[in-house]
Structures are given as structure tokens and as C-alpha cells.
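All chains, please: the whole structure from these sequences, using the hints.
Per this note's numbering, the very first residue in the sequence shown carries number 117; after that it's consecutive.
Note that these hints are calculated values from the structure, not bench results.
Check before you lean on any hint, since a few could be wrong.
Pairwise CB distance ranges (calculated) [what the hints assert, rightly or not]:
#, residue 1, residue 2, range
1, 127, 226, 31 to 39 Å
2, 117, 209, 34 to 42 Å
3, 223, 251, 39 to 47 Å
4, 257, 195, 22 to 30 Å
5, 258, 194, 22 to 30 Å
From the three backbone atoms N, C-alpha and C, an ideal C-beta is built for every residue, glycine too.
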Amino acid sequence: MPEIAMQFDIAAPQAVVLAALTTHDGLTSWWTDAVDREGDVLLFDFPDVPEPFRLRLERSGPDRVVWANAGSFPPHWAGTWISWELTDQPDAPERTRLLFRHGGWQPGSEEGVPMVAGTWAELLVRLKDYAQSGKVQPFFVTTRHHDEE
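Okay, structure coming up:
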């Protein structure tokens with residue numbers, strides 16, 4: 117099965133990067149401005165998308181965050197998971213190494229992986245910029261949220 121993997125060094129403490137991945141303000145600052153929560157499931161809305169992406173928080177700790185796809189949309193994400201591994205840089209305590217992985221792609225969904233990888237690359241640059249500068253610049257901006265009809 118294919119897996120998307122990318123590694124970034126971020127000039128920000130691990131706690132700052134973790135907050136960007138686990139808080140509403142963090143996620144809406146670099147990914148999409150439309151993030152909601154239903155229990156342990158995060159709902160991500162995007163422009164021109166009929167329903168939110170649903171990701172269940174499987175693990176959240178100081179060095180690792182794991183989400184599992186919890187919805188039927190988008191279909192090519194069925195069975196996938198996303199992990200974020202954070203490590204301090206011993207020689208530079210104000211730097212964090214981030215290892216991002218998106219795996220679990222089911223047979224028949226492989227053709228969508230390159231497009232998804234390209235989007236993740238753009239998103240991770242936004243995450244890095246936000247963690248380093250605090251500049252809010254979500255990649256996706258929408259005025260429609262999942263609970264508005």
C-alpha cells in the first residue's frame with residue numbers, strides 16, 4: 117500500500133507545533149477555517165465539498181498525534197490514517213522535527229495519492245509558517261460549515 121511521508125524541521129518549540137495540530141485555533145490557522153468537533157471526531161469543511169472530512173483523534177500526546185478517517189467522504193480516504201511525530205532537536209531546543217505520514221490507502225484508491233500528497237505538501241508549508249511566525253493563513257477558506265444548510 118502506498119504511504120505519503122514528509123519530514124520538516126520547524127523553527128518553533130514542540131509545544132507550539134503540537135498546539136497547531138490539536139487545537140481549534142491551531143488547525144484553523146493553517147489548514148481550513150472551518151473546523152468543528154463532534155466528540156473525538158474532528159470535522160473539516162472545504163470549499164465546494166458536499167460534506168466534511170471526518171477524522172477521529174486516536175492519539176494525542178506531546179510527541180505524537182494520530183487521526184483515523186471516520187467517515188465515508190471522501191471515498192478515497194476510506195481506511196486511511198494520519199500521523200504526526202514530533203521530536204525536539206537536542207542541539208536546538210527551539211526547533212521541532214515533524215514527521216508526517218498518511219497511510220492505509222485501500223486497493224483502488226492509489227490513483228488519488230499523488231494529488232493528496234501535493235495538497236499535504238502545501239498544507240505542511242502553511243503549518244510550518246504558522247508555527248514559526250504565528251501568521252494565520254489557512255490554505256482553505258470557506259464560508260459554509262457542515263451544520264449550515
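Status of each hint after checking the structure:
| no. | hint | in the structure |
| --- | --- | --- |
| 1 | 127 - 226: 31 to 39 Å | holds (35 Å) |
| 2 | 117 - 209: 34 to 42 Å | holds (36 Å) |
| 3 | 223 - 251: 39 to 47 Å | holds (40 Å) |
| 4 | 257 - 195: 22 to 30 Å | holds (29 Å) |
| 5 | 258 - 194: 22 to 30 Å | holds (23 Å) |
The structure is consistent with each of the numbered hints, conforming to all of them.
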